[in-house]
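K.L.:
Residues per chain are reported as follows:
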Amino acid sequence: MVNWKRLDRARRQVGPIEVDLIEAYKSGKISRRSFVRRGTIVGLSMPFMGAVIAACGSDDDESEPADEPADDGAGEPADEPADEPAAAGGTITAGIQQGDANSGLDPVNMLDLGTYAVLSQSFEYLVGLGDDGNIGATGLASEWSPNEDGSQWTFTLREGVEWMGGEGMLTAADAAATIERMVEVGAGLAGVVEAGGAVAVDDLTLQVNLASPNGNLPVLLSLFNPQSLITPADYSSGTVLNERATGTGAWMLDDFDPSAFRATFVPNPNWWGGSVNLDSVVLQGFESGGTKVAAIAAGEIDVIQDFSVNDGANLLDDPNVSVIRPPSSNHRQLWFNTQLPEGGPFTDPRVRQAVCYAINRQQIVDTIYEGEAVVANDHPVYETLPFFDETQEQRPYDVEMARQLLSDAGFEGGISDTLQVGDIGEVPQIAAIVQANLAEVGINVEVSVTPNSDFYGEYWCTGASYGTQPETSGPGRPCGASASIGIVDYGHRPTPDIFFGRALATDGDWNSSNYASADFDRLFGEYQAAVDVDGQKAAVSQIQALLHEEAPACYHSFFNYLVGHSTAVSGLQTTALGHLQFQGASIS
Amino acid sequence: MAKFIIRRLLLALITLAIILVIVTLVPNIAPGDPARKIAGGTASPERLIAVTESLGLRDSVPTQLADLARSVFTLDFGESFSVAAGEPVMSLVWTALWNSFKLVLFSLIVMVPLSVLGGLVAAYKKDTWIDRTIVNTGLAFSAIPDFVAGVFLLAFLAIPVEFFKVQGTAPPGSSLLTQAQHLLLPVIAVLMVYFGYIARVTRAGTIQALDSDYARTAFMRGLSTRDVFRKHIARNALQPTVAVLGTQLGYLFGGMVALEVVFGYQGVGNLIIRAVDRADYPVLRAGVLTVAIIYMLATLTADLVVAWMNPRARVAIGEDA
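Chains as they are written, first to last, in numbering that gives the first Met the number 0: chain A, 0 to 587; chain B, 0 to 320.
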């Protein structure tokens, strides 16, 4: 039963973008979880969304409200009571990935999960982590809202936030300078914000003027764009935490050993969020995933930042280890060079479709990931996103269809090529399964495994400015002579903007498919400009269909990001990008 | 003896010069672009140029060689690129060397007495079940690669038994005993690999000594077995063992790469493999040269010890007995 009076009151308090969202929820177009998720992005507060949900009645069939503890998401909320009483004091030692020393502890240039975990102890994001594993107003901005068309966003910063390095209080000028640095180095804001776009209106008000309307800006300034950690105005690119220790976060860097990649943090007594439970946090880098798993199994570390099923299947059944699975759109994209070599088999969409039909996705899910993954449908849109089109038919494993398509394309005699992959994680094993699958339909690929450091420039995007053959690129061919078929790794993003804009849009800088589709570009533009769920869903539904049909890449599965912690630890919050938040954590 | 030492030092310098040439050439002839490996797969062209210049790869090979030789004598290899960006290379090397020293010392303390004793007992009990047990057990362990032994120890000792530690490196500020506790499993792995080898060398040397005329004479003079072993056998039988230890010391410092990675131990081997993996050539050069110098010093020391133990060897190297 809708309480119209309450609903009208709610509508009157907000702008057109928010009203549109309320209408989408009221009419049942989106679920309660999607409403909360999207509402958080456009800056609605939890009490306000609660009022709208109450006004619309509670007949939604979603069983799990977003503000309940998420056992598959961000770990336990910080204030969630643990099984045992939270103990004050103590030290938590977490095993993390060894950081990339090339970037060092430089917030705006860091590239790896180990460094994300270290730097996000002292520095904080404008938009933080919500209890449902998505974004929430837990960072430095207490609220935010777009203008009518989503081309300008205004963020209100928390009061009383102090830099621990003696720089005084946090102001909007610090946030604006950070965004300027991000624009300068291209840290996830390319094409969204231009130089000079971030303006400090007053000490606590930041205005971000966009190059074009964008409904997902808060995500791009959240922990899901890891390089967006807010640093002091004069913290220039290249400055590292171990040389200039500061930040606004809960933890102060006490010691850092760059050789062992070991960082020790102690509580920041002036943290705006209050006091923490622990005496210290130690983050220890590990070169070997297997040793990291052994260390938590033996009880030498309390938390493991991430582990693969390959290394740590035993942890899944270990009674002393709790495994959490933050929402994850991690995937390994199998791309085709859709343009080169000219006349090559993979320039024909029928051949590409044939490959996608020939891949036994369930086999990959069952054998490589031991069930810790879900089958994907040849597009990078994860199924929990509010604009995901669930009506699209799943592409089946169909060997006969693959053979038929190859025959239609004139390749009934078979195809021979090289499948290029980097030596990262389980990618070579996936390549072996793909090789066997393709052999069944007459496509014989030789798997070539290259060190990851060489792989990106030599096979993935050879035509880019960092590639080995930049001369092969040109308009519409950003990656020039990339391998005709290969597999590349993509980490989690909470929205598919990066996957669309960098990997699939014409001239996208990670577009190893050299996919150039005016239809896709138009639809991507419509999706980005849409600030309402209906508009996003209309565009994304067509994108899903288009990618399914043209198959510039096969997206076979999304796999879980696995974090483990000792059962003695409670209150830890994590993301699929390696963040470990100990603010509410305790160890018993 | 002095001539011998001078001759050996000169030989060491020649060897060092050859190694200098090799490590100078490595980044110039290694496949792929070292600057790209350092700067990462998606570095900008400007960054690549900057890294190439910093590496000195735009200079001629003789200039690079002269720079490296200068680095050796001034102990200044510059800063690390990608193992620990910005850190002085020698600081990384000293830290790793100190860690390796602790591991090697602990390994020797455990390994040498056990292996030598095993070899002596096997020789004394030649062709008995004791001899066969020692020899065959040692042989079986020697056949297991060190990293396999490491993984085996992790799975069957470190995880189920709290006393044993997965990480070879103890937390900062740990006591000597705690550090030893963390090093125990790597040391056991080393022992598994070397016990059979050293015991067999000792056994062979001892059997040869036992068959000698001087041993027979000593027994005939009525000396006890203990005295014969202590005064006559050990001194002669252990010479091959000392020589073997000398040659293996360099390997123990720089070659236990896999074992150090398995136990997350920051020794010289681990440092070198990280430098290779990340194409950090300044660290790689300093690490390789350090191991080479240790190797040369260890073999020289072994030769001198053998000479001290054996008058005939002193004659052979030019000193009157």
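Calculated from the structure, these hints are not laboratory results. Check each hint, because a few of them may be wrong.
[Unchecked claim] Calculated cross-link-like contacts (lysine to any residue; reagent style SDA-like; alpha-carbon spacing at most 25 Å):
1. K101/B with E147/A
2. K101/B with S287/A
3. K101/B with E286/A
4. K2/B with I17/B
5. K2/B with P310/B
6. K25/A with A537/A
7. K101/B with A537/A
8. K2/B with I292/B
9. K124/B with A214/B
10. K124/B with A139/B
11. K101/B with S90/B
12. K230/B with M219/B
13. K25/A with A176/A
14. K25/A with A54/A
15. K101/B with A297/A
Since the model is a prediction, treat every value here as computed from it, not as a measurement.
K.L.:
If you draw a straight line from the CA of K101/B to the CA of A537/A, is it 25 Å or shorter?
P.N.:
violated (65 Å)
K.L.:
Do the alpha carbons of K124/B and A214/B lie within 25 Å of each other, as the hint requires?
P.N.:
holds (16 Å)
K.L.:
Mind checking the alpha carbons of K101/B and S90/B for me, to see if they're no more than 25 Å apart?
P.N.:
Holds, because 17 Å separates the two Cα atoms, which is no more than 25 Å.
K.L.:
Holds or violated: are the alpha carbons of K25/A and A54/A at most 25 Å from each other?
P.N.:
Answer holds: K25/A to A54/A is near 9 Å, not above 25 Å.
K.L.:
Does the structure keep K101/B and E286/A at a Cα separation of 25 Å or less?
P.N.:
The hint holds at about 21 Å.
K.L.:
Taking only the CA atoms, is the gap from K101/B to S287/A under or equal to 25 Å?
P.N.:
holds (22 Å)
K.L.:
Is it true that the CA of K2/B sits at most 25 Å from the CA of I17/B?
P.N.:
The given pair, whose Cα atoms are some 23 Å apart, holds under the 25 Å limit.
K.L.:
Between K101/B and E147/A, is the straight-line Cα distance small enough, at 25 Å or below?
P.N.:
violated (67 Å)
K.L.:
Check the hint pairing K25/A with A176/A against an upper bound of 25 Å on the C-alpha distance.
P.N.:
Not satisfied, since the Cα-Cα distance of roughly 40 Å exceeds 25 Å.
K.L.:
Check whether the Cα positions of K124/B and A139/B lie no farther apart than 25 Å.
P.N.:
holds (20 Å)
K.L.:
Compare the distance between the alpha carbons of K101/B and A297/A with 25 Å, and conclude whether the hinted pair is satisfied.
P.N.:
Roughly 24 Å separates the two Cα atoms, so the pair holds.
K.L.:
Keeping to a limit of 25 Å between CA atoms, is the pair of K25/A and A537/A held or broken?
P.N.:
Distance of about 18 Å is within 25 Å: holds.
When each numbered hint is compared with the structure, violations occur for hints 1, 7 and 13.
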